[in-house]
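*Asks:* Going down the list, the protein sequences come from chains A and B.
Once you know that position 139 of the first sequence is 139 in our numbering, the rest is easy, because the numbers rise by one and skip nothing.
Position in the second sequence (first residue = 1) + 1000 = our numbering.
All the pointers check out, no bait thrown in.
Derived PhoX-like pairs: lysine-lysine, alpha-carbon spacing no greater than 20 Å straight-line:
id, chain 1, residue 1, chain 2, residue 2
1, B, K1042, A, K160
2, A, K391, A, K321
3, A, K251, B, K1042
4, A, K251, B, K1038
5, A, K390, A, K321
6, B, K1035, A, K251
7, B, K1034, A, K251
8, A, K101, A, K15
9, B, K1042, A, K308
10, A, K160, A, K251
11, A, K15, A, K384
12, B, K1038, A, K160
These are calculated hints, taken from the structure and not from any lab test.
This structure is a prediction, so every number in the text was calculated from the model and none was measured.
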Amino acid sequence: MQSNAALEYDYTVAKLFTYTAILFGFVGMLIGTLIAAQLAFPELNYLLGEYGTFSRLRPLHTNVVIYGFTVSGVFATFYYSAQRVLKVSMAESKFLMFVGKLQFVLYVILATAMVVTLLMGITTTKEYAQMEWPLDVLTVLVWVLWGVAMFGLIGIRREKALYISMWYFIACFLGVAMLYLFNNMEVPTYFTSGGVGSIMHSVSMYSGTNDALVQWWWGHNAVAFVFTVPIVAMIYYFLPKESGQAVYSYKLSLLSFWGLMFVYLWAGSHHLLWSTVPDWMQTMGSVFSVVLILPSWGSAINMLLTMKGEWNQLTENPLIKFMVLASTFYMLSTLEGPIQAIKSVNAIAHFTDWIPGHVHDGVLGWVAFMIMAGLFHMAPRMFKREIYSKKLIEAQFWIQTTAVVLYFTSMWIAGITQGMMWRAVDEYGNLMYSFIDTVTVLHPYYAIRALAGVLYVTGFVMFAYNMVKTMTSSRELSEEPQFRSPMA
Amino acid sequence: MDIRELQGYASFFMTIFLVVVLYGYIVYLYRSEKKGEKDYEKLGNIALDDEIHSEPINDSSANSDEKKERNK
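Given the sequences, and given the hints that come with them, work out the whole structure.
*Replies:* See the structure below:
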């Protein structure tokens, strides 16, 4: 570790992942909007032959927004903020710099292969774990490299205490590593069928109910360790830094962290309520889901209280607006989830559109808002230029907020309507509606959701344009801003 | 006692144990701060004062230096 006056943080790797976050964000959300429109207007399924059908594009949408956009955002914000809270530069270790760049190169190869294979229909069919085994092997490699970079930076740090964001990034790394390995234990059918099957198509090593349990242990914890934990890491760094206010209660942040770690892992079986998994396990999933409100709200309230006495910043600084709304949507989403996990509520909600409604107020309102705010905050520091346009951010904020509200309200109504219609019986106990009756009734809500998608993508294009202009043609800064990000 | 019953008991007592650990942690956090052994709240400044040349917020290295001094 050298010590010289010219030493600066090195944002090379953070910049690279910022580019992929913007690219995959646009692609993933565009596909999402298309498939939302397909549900409202089925003719749109036939635009591109087999490659344009809902069934082919839906896994592509989820995988690109999760593993393309969100994970790129996680890596970008990690390589930016970890250096800063550990007070150590990537430039101080050639080895770590090499690891970071190698991780990026392999990640791009992996993400490209993921898009191509899913488009070709090569899939394990397990939700959020669709990538086939060769890609799983590559994923492990990318993840291990991230771990090497993470613990390498921790190893050479100057700041002895690990800031709370680092705890959350470590949890993201360890949680995903463990769960990914367990859920992707699979064997190519070629080997299980005596040479008849395919080398590229694998089956899970678990079967039936056990497979379902492991799948949702992973599936739900992908939400925990990809959509929650690293995003909490981001808000614990970016909100205090942008506002100039230290986190309201550091002790509460530690407590919420351990609470979240303790509770989240046990909540996954709420995805299997009213299925064939043991009843006690379903009850456990319900109970832990409700308890999960506490640590989730612990972090969210801590963030809102961080703004205590500084609420004027909410009107003056659009990035604070994004982060406060992200925190609020986190609260909404983590209250809604436990409500859906109550068995009696789930009897109506299960398999309905209320579920994607819940997911999207979380991912659009919390995850994507926080990632975009984080990248906006990083831009003036990484590119040494002020943010290109404040007006554009303001407009983007309102367009995307409207989009999120349209999305979840339409899906709430659609979901509950669907659930009630499926269960409705006449005086003789016969079902009152056939499936197509629900489809007809839901059409306007599906159209509203597609409109919400168009609005959200429009906002994302504004974000991408603002970022590109910031990188290339915005006014240069003579020194790094301390707290509030400068914008024209 | 069959394996299912055993799993049930194991799960129950494990939960109780972890709850006790979590509450113990809360007590530890507040007690160590009250006694003046730790100052958790100042760690919040790590995000604010994060320049590469800033003094580290945590003085554990300073503490160990002090200890070394005292032990000389």
